[in-house]
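Visitor: Residue numbers (this note's numbering), protein chains in the order written: chain A, 1 to 463; chain B, 1 to 463.
Just so you know, the hints here were simulated from the structure itself, not pulled from any lab data. Keep in mind that the hints are not guaranteed to be accurate.
Chain A is nowhere near these chain B residues, computed Cβ spacing over 12 Å in every case [as the list claims (entries may be wrong)]:
1) Leu15
2) Lys114
3) Pro135
4) His210
5) Asn393
The list that follows gives simulated cross-link-like pairs (lysine-lysine, PhoX-like), each with its CA atoms no further than 20 Å apart [claimed, not checked]:
6) B/Lys282 x A/Lys359
7) B/Lys25 x B/Lys10
8) A/Lys170 x A/Lys62
9) A/Lys114 x A/Lys184
10) B/Lys201 x A/Lys282
11) A/Lys114 x A/Lys170
Here a beta-carbon is modelled for each residue, glycine too, at the ideal position from N, C-alpha and C.
Residues per chain, in single letters:
There are 2 protein chains.
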Amino acid sequence: MEQTNPIIEKIRTLLSGKQFFALQKYLESLNAADIAEYLEELLEEEALTSEELLCCFRLLPKDQATETFADLDPQLQSQLINGFSDRELSALLDDLFLDDTVDLIEELPANMVKRILQNVDSGTRAAINQVLNYPEDSAGSIMTTEYVELQPGMTVAQAFDRIRRTGVDKETIYICYIVGPTRKLLGLVTVRELLLAHPEKVLRDMMETHVISVSTLDDREDVANRFARYGFNALPVGDKEHRLVGIVTVDDAMDVLQEEATEDMEKMAAITPSEHPYLRAKTLEIWKQRIPWLLLLMVSATFTGMIISGFEQALAAQAALIAFIPMLMDTGGNCGSQASVTVIRGMSLGEIALRDVGKVLWKELRISLLCGGVLAAAAFVKILLVDGWLMGNPSITIGVAAVVCSTLTLTVILAKLVGSSLPMLAKRLGFDPAVMASPFITTIVDALSLLLYFQIAALLLGL
Amino acid sequence: MEQTNPIIEKIRTLLSGKQFFALQKYLESLNAADIAEYLEELLEEEALTSEELLCCFRLLPKDQATETFADLDPQLQSQLINGFSDRELSALLDDLFLDDTVDLIEELPANMVKRILQNVDSGTRAAINQVLNYPEDSAGSIMTTEYVELQPGMTVAQAFDRIRRTGVDKETIYICYIVGPTRKLLGLVTVRELLLAHPEKVLRDMMETHVISVSTLDDREDVANRFARYGFNALPVGDKEHRLVGIVTVDDAMDVLQEEATEDMEKMAAITPSEHPYLRAKTLEIWKQRIPWLLLLMVSATFTGMIISGFEQALAAQAALIAFIPMLMDTGGNCGSQASVTVIRGMSLGEIALRDVGKVLWKELRISLLCGGVLAAAAFVKILLVDGWLMGNPSITIGVAAVVCSTLTLTVILAKLVGSSLPMLAKRLGFDPAVMASPFITTIVDALSLLLYFQIAALLLGL
Chain A
1 MEQTNPIIEK
11 IRTLLSGKQF
21 FALQKYLESL
31 NAADIAEYLE
41 ELLEEEALTS
51 EELLCCFRLL
61 PKDQATETFA
71 DLDPQLQSQL
81 INGFSDRELS
91 ALLDDLFLDD
101 TVDLIEELPA
111 NMVKRILQNV
121 DSGTRAAINQ
131 VLNYPEDSAG
141 SIMTTEYVEL
151 QPGMTVAQAF
161 DRIRRTGVDK
171 ETIYICYIVG
181 PTRKLLGLVT
191 VRELLLAHPE
201 KVLRDMMETH
211 VISVSTLDDR
221 EDVANRFARY
231 GFNALPVGDK
241 EHRLVGIVTV
251 DDAMDVLQEE
261 ATEDMEKMAA
271 ITPSEHPYLR
281 AKTLEIWKQR
291 IPWLLLLMVS
301 ATFTGMIISG
311 FEQALAAQAA
321 LIAFIPMLMD
331 TGGNCGSQAS
341 VTVIRGMSLG
351 EIALRDVGKV
361 LWKELRISLL
371 CGGVLAAAAF
381 VKILLVDGWL
391 MGNPSITIGV
401 AAVVCSTLTL
411 TVILAKLVGS
421 SLPMLAKRLG
431 FDPAVMASPF
441 ITTIVDALSL
451 LLYFQIAALL
461 LGL
Chain B
1 MEQTNPIIEK
11 IRTLLSGKQF
21 FALQKYLESL
31 NAADIAEYLE
41 ELLEEEALTS
51 EELLCCFRLL
61 PKDQATETFA
71 DLDPQLQSQL
81 INGFSDRELS
91 ALLDDLFLDD
101 TVDLIEELPA
111 NMVKRILQNV
121 DSGTRAAINQ
131 VLNYPEDSAG
141 SIMTTEYVEL
151 QPGMTVAQAF
161 DRIRRTGVDK
171 ETIYICYIVG
181 PTRKLLGLVT
191 VRELLLAHPE
201 KVLRDMMETH
211 VISVSTLDDR
221 EDVANRFARY
231 GFNALPVGDK
241 EHRLVGIVTV
251 DDAMDVLQEE
261 ATEDMEKMAA
271 ITPSEHPYLR
281 AKTLEIWKQR
291 IPWLLLLMVS
301 ATFTGMIISG
311 FEQALAAQAA
321 LIAFIPMLMD
331 TGGNCGSQAS
341 VTVIRGMSLG
351 EIALRDVGKV
361 LWKELRISLL
371 CGGVLAAAAF
381 VKILLVDGWL
391 MGNPSITIGV
401 AAVVCSTLTL
411 TVILAKLVGS
421 SLPMLAKRLG
431 FDPAVMASPF
441 ITTIVDALSL
451 LLYFQIAALL
461 LGL
């Protein structure tokens, strides 16, 4: 069943044969993100010692080594740092982009953080401390301070000079930001525009002044959604006084969108989001993500049980009703989760705002009437034909079918309204709407539908 | 409750006051994606006639008009095209990026497609037809043929000349592709490298030759995942003979990731994915996305009902067992959906491959033993203390608690194994794994857990 990766096999063979020159040539042909993954897999399979990891790493050309390092797991990064001399460490930190250095520091133990801060220059140290101070899910925490900054009085030729002089260290050079004396963002120019412009043209006269920017404290998901909306490659980040403090680049925005979608799916399935990919996460870690919600939801099912217990006598008299409980519960749950997932995703894509609550409820009401009607009609026919006539069960009467189908319609309406309104309510109260998905909606709708079921049965069948 | 958008209000006021000059100045300060959304909202609220839409559009500067057009709904795009003269249409098509033109053509009725193809030059027409021929979810369908192409013998200065001459129409100029005489992709250079290199340097000597490329028929989600993995701004697309035919840019990849995540969530919640945002979709359209799955799932709940009917006599004798059915069903469903959502997301992120099925099942088995154990212990205590002692229900015996808790443990194990393996099986058979999420897993696990429940009850309580 298990297949091995031919590239990993090749690295393994070259390493064990000590063919370092061939290994170097081979690694050079690979992308840094791939090298990082292969090294991680080899270490995991214990086919690579710490010394060999360090050796592979030293075989890589400088740029590739830096990129590979940035893509490694924090655990492997600290293994490598432990093996590095101060000179090697300082050279690496010089080449790392600032946002990667910050990511690294956030994951490392305190003594290694100290060693890192000792090995960077004071300007970088100040920038690191600045970014580290922003809240976890803010734009500030994903921004970099390495961007190209130009002055409005510069000519195109001067701008190119500046880009050539300072561009090597910048995360992107293709969008350049023009700031005034108080560091206020005045506009931007792209390298495309600069290339097409006359060398003597002054930036002030050609810059785009209607710049969309974000603030350091904006939610990182909102920022990432703007990239998807506008198709930008970078967005400037301003502080409270609208001074330019950094930029967010599209690759980081893409990572945020992927992470947020994964987190939303996990929350929708009653899982606490995790940092690690599934196959790398320990069993206990995954268990910890799942068990609290399972316990909570199990205990809340007590109410459903109590409702059934309360009607035990009635159920004993009309045992045929019991068989329809799973169908009613499942259909209610499915209807509720359709509505809640639609609303949760719509809100996180920015398509549905809190002020749309009226529109959403009105829409769901109409949808649920349509769905409830069709489902009830189908169920009515099915119950009488299949469960009653075909199975020859005399206790399935028209009365029983009527009770089941009217409960079904009401359950569908209720489920859609609860499913669409609870995520919006959660957001209004400052909670994450994604938690209000299938599992919670199901538990609530279960209890409500059973109450309805027994009330309607009492009314129609006189239990 | 409903709030209005101040920007839309301003546009509405300027329009109704016929202050076209002020409106023009105001629109110029907005981003194209925003203008498109505001125009759509105004039309929807019937605060804008077709003529006024055309008038707004004509007020925009050329570039902004093109971008706004590309961001509009297909319905509004065709309204505008109907209002355009042939000259206006031809100017617009000249400015539109090729991939936007293709998107447009895919949505328009045949007579308008004809008019469009008549108004583009023959080269563009050929390129449109080429892209239109790729399958819907392929890399070819999201690529553009507008990229900068250089020859290996060019110097840096010559490369800049070429970029300046042809770059205006290209979707990105920052990554340039170097092709040989047979159009085979030889390497790439970035504008950053070109800017930092000596003008006389020859591209052959500086280009990156280890280029990661995709094929026209690759799945567009796999392609988009590579952007997330490698952090590229563009990826070259080759045909079967490895000739360069186009590029995919990061903004399109980001859209794909967003759409695919939304589609997966919808499928996980038993909804057929839709093209339109929720608030814009018609009630009947949303109903059509939801009702087939609800019907299918409702009918499959028949089996659960049949299982209960089969044990009706036994249930009448031990009525206390009925009250625990919802709890068992819900817990099973929750456990199954935790496992299935984890595996589905892992597969679509490329973290879990089909060959990992052994690892996944072994992991889920251990997790389910831990979860099942804890849940059963908690349920045992709760049933005896709360349901039995606190509620004073004499029919809740240790035997009943034992039946419930052993069923619970087995259900959890079963749910996790079914939940994690079915999505992988679906993928192996060529279906979309996302369909094998909560609703289906729940229906299957429901039936299995009820069968277990009654078998164990028969065994332990001698029903």
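Visitor: Could you run down the list of hints and mark each one as holding or not?
Guide: Right, here's what the structure says about each hint:
1. Leu15: holds, 20 Å
2. Lys114: holds, 29 Å
3. Pro135: Its Cβ never comes within 12 Å of chain A, the nearest being 24 Å, so this holds.
4. His210: violated, 5 Å
5. Asn393: Incorrect as stated: the minimum Cβ-Cβ distance to chain A is 7 Å, not above 12 Å.
6. B/Lys282 x A/Lys359: Judged against 20 Å, a Cα distance of about 12 Å means the pair holds.
7. B/Lys25 x B/Lys10: holds, 12 Å
8. A/Lys170 x A/Lys62: The given pair, whose Cα atoms are some 16 Å apart, holds under the 20 Å limit.
9. A/Lys114 x A/Lys184: violated, 33 Å
10. B/Lys201 x A/Lys282: violated, 52 Å
11. A/Lys114 x A/Lys170: violated, 25 Å
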